[in-house]
Amino acid sequence: MIGRISRTTAALVVFVLSVFPVYWMVLTAFKPTKDIQSATPTFLPVPITFDHFGTAIAAKGFFSFWRNSLLVAGGAVLLALLVALLAAFAIARLQWKGRRAFVLMVFVAQMTPWEALLIPIYVIARDTGMLDTLWILTLVYFMMTLPFTIVTLRGFLAAIPADLEEAALVDGCTREQAFRKIVFPLLAPGLLATSLFGFITAWNEFAFANVLIIKDQDDRTLPVWLSSFNNTFGTDWGATMAASTLFMLPVLLIFIVLQGRVTTGIVGGAVKG
Amino acid sequence: MTLLAERPVQETAPAPPKRRKRPVLPYLLIAPTLLTTAYLLVYPLVRNVIISLQEFGLPQLVRGDAKFVGLANYVKVLSDPEFWAVVRRTLWFTAINVVLIMVLSTLVALLLVRLGKWLRFLVMGGLVLTWATPIIAATTVFQWLFQSRLGVVNWALVALGFEEYRDYTWFADGEATFGILVTLIVWQSIPFAALSLYAAMITVPQELYEAARMDGAGAWRVFSTITFPMLRAMFGLITCLEVIWVVKAFVQIWVISQGGPGQATTTLPVYAFQVAQSLQRYDLGAAVSMLMVLLLVLALLAYFRQLYRQEREA
Amino acid sequence: MSRSAALLVLALTLSACGSSAGGSEKQEITVWLMKDTATEEFVSKFESEFERDHANLDLKIQIQEWNGITQKVTSALASTDPPDVIEVGNTQVAQYVASKGVTDLSSRKAELQGDDWIPGLSEPGAVDGKQFGIPFYAANRVVIYRTDLFEAAQVTPPKTREEWLAATAKLDQGDQQGIYLPGQNWYTLSGFVWDEGGDLAKQDGDRWKGSLNTPEALAGMDFYRQLQALGDGPKDSDEAKPQQTDVVAGGKVAQFIAVPGAAKLVTKANPALEGKIGFFPIPGKTADKPGAVFTGGSDLIVPLASSRQDGAYEVVKALAGEKWQVELAKAMNYVPNRKSLASSVAGDPGTAAMAAGAANGFATPNSPNWAAVEARNPIKEFQTAVLTGADPRTAAAKADEVITQALNSGK
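Chains as they are written, first to last, in full-length UniProt numbering: chain A, 1 to 273; chain B, 1 to 314; chain C, 1 to 411.
Next comes chain A alone, as it looks inside the complex:
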């Protein structure tokens, strides 16, 4: 009985602590500007206003920001899944010389200090005429997410018993057929889950988007929009918070759809080794 009460209390404490900052953000988005900075905080949006959402949506180029972010994040994630799937299959299912070195390389690649590569990548993009295109952003985000995608996908693959595939091979399937007919359907949820991490990374990225998209304003992405409510006098908090709320919605939706699957791949990867 006491155990149950303390568990419930602990659960509620964890819930409140994790949700409060998010709640505060959403709440602010609904408060009138002059109530946002007040000496006694209010915890309910009374009176409520939708003005900030109006301001956020009315920002110039709102829809092109969304389209570009979706294109870039989606493109990067698809590309990463594609390339990672092949590699993950090779490490999870096949024995070959150099496999350990490859796994190690993937891990080391995670440590890339991306902020530091801003200048070299800028220079490379400039010299190859890729500045001001969504392509270069897609490629950079692809590379940012690739190592983690390989690690996670490998985990998902490892969790699917190899016996299934071998049985198919014995039945006369080629390896490619075995993969397509047996493994892939089982892997599909894992692919979706893996895409989430990459999506968040690409969705949030500001530094590269700021420097690589220069003159072509129609190619700007959402994080740039998020910072557009700073004016000479400070920040329009209400609009920023409304924009942040809208900004997190797609990620939240994907999360809800995928639920717990996201983490299974990492578990598989670590447990199976």
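Nothing false has been slipped in among the hints.
Some chain C residues well away from chain B (every beta-carbon gap over 12 Å; in silico):
1. His54
2. Asp104
3. Gln113
4. Ala152
5. Pro157
6. Pro271
7. Asp310
8. Glu314
9. Gly321
10. Ala355
Derived pair list, reagent style DSSO-like, types lysine-lysine, alpha-carbon separation capped at 30 Å:
11. Lys215/A <-> Lys45/C
12. Lys159/C <-> Lys170/C
13. Lys76/B <-> Lys202/C
14. Lys60/A <-> Lys45/C
15. Lys215/A <-> Lys317/C
16. Lys34/A <-> Lys268/C
17. Lys60/A <-> Lys330/C
18. Lys159/C <-> Lys264/C
19. Lys109/C <-> Lys330/C
20. Lys202/C <-> Lys130/C
21. Lys317/C <-> Lys100/C
22. Lys109/C <-> Lys215/A
Worth flagging that the hints you see were computed from the coordinates, not collected in a lab. As the structure is a computational prediction, the values presented were derived from the model and not from experiment. Here a beta-carbon is modelled for each residue, glycine too, at the ideal position from N, C-alpha and C.
Starting from the structure of chain A, add chains B and C where the hints point.
Here is chains B and C on its own, set in the frame of chain A:
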């Protein structure tokens, strides 16, 4: 997408390759990864190394013709006592964050395992919400919660009877700012770690726990003799990932304190950015970042060695 | 190296297309203005009239965000096809000029009546006697006050520092704040330091040295501390966090320090304050001279890599010329870029207070590295340290060290 994914496989699988002595298939499968990594990661890194060996500031970026200066930039960075202070601070910052993240995440995961359906759904929902919040937005909100005059944290502390927190200036004090940054990063990192650990914990067969409990083992004993050993690899992986992510944490620190007050919250990535972007000494920034990678590799060397050994056994 | 090769390739491709030079096709000129530099009406009016007067040019004005602007302008200057005209802050123009990627416009100075420019804008734009940045507009801080609260407390706008402190103390009653002055408003502090005859940094030959740990600067800081205590401004934050106009709109605040344009944001957030806002110049040490102020503002630069130099200059000429200067100054409460134009905007009370103060305007130390000081801003930390009870000398010495190091880096 499916079609594209299989094309390379199709081309290389005219006959079942399973009996071949030196199969080409694995190498073809990793070829795209190797090629893209070579161009998008290794090549920029090499360029970064080259920059770190040159005199490379804004004029060189704009007009080209940078001169090689050998190891001068590294000498300059390594002989600067500030750099070493930053390294020490980064180690502390990482250690505190990672320990807190791992301990708290383990506790939350253990709690999740023991909760009923509805409460578990509630807590997981909260964690997912936290995870989905954009870093910039979360950082802004934290900064705001800790404002001295109109911040909710001070208001709540005063309401709870801690009068000394009326108008307490969190961001004036190096340690307080450091503490807020740790809170923020831990808060942002727990969902991933806790949910992963939870997912791993439910793979441990229940019978093991039951047997242990019948032997009269307490909660700590069960954890230290069953859960932890079973999930050792998992704890290793998550710790490794968190170390990498915490060391690289930049946006949070830059937005909240820009490394201040003083240099109280300047960690390596912040330092590299200050040097590279504010002073526009891209050469020194490149040197700092290469040293950072080196340190990270050194710090995780033990884990990598274990990983390497583990792969052989597989 | 490969950079020039890339330029060459680009030039070849462009001429192959035949779209850029000559021909009857319109040349596209891209201009970067900062957010809140001008109203939307001003931008669209300028765009349409400029295109009417220059039939061969197609003007594209893009509004840039403040966030990450240094990186953005840097990457623009280094790119092969940059925007043609960029607005840059007058404290930052020197660092861009140092990149050698900015066009020297000295030969145009006479045509633009450069002798009449206000020094706070033209001096930062000039390096080694050559003019790279063309003055665009200026603004300086004034005291914005609530006329109703002043009347209720029976005080009138002060003329000297003593009067100011006395009046503010009288206004600082109960839940009403005498003045809302955040601890890290370092532009305001700079003014007080200049009033005392001090400066933020001093140049000695080729080297710079932070000069906050001097009797003059410390006296300025001491006055700041006295004034700051007469209200509830946060000691560890600046005027942007929280945005001070929102604070003033939401609470009972008798005065705050900002450029006159900020008044509009207050009344926008709280329309009940319409008609209750007044302005006066920051009081000086004596009644005959207003307090020193930081001259903020912008210059226009043309990237050297732009292949449309003539078109770019046409835009600069128009924006820096009398017609649009007066229009912009009126729309935004600015000080125009030429001294002789000041009278044309004298009607507005906010601008009048600003113009009075502008007579005693100062600039930050003219070094390409000054932007690096601002990026880390030791002055703000000095302010917070003093306001939270640290020893002023120690804090100032610490800040000086950072300033000295940043200003001399690369030498």
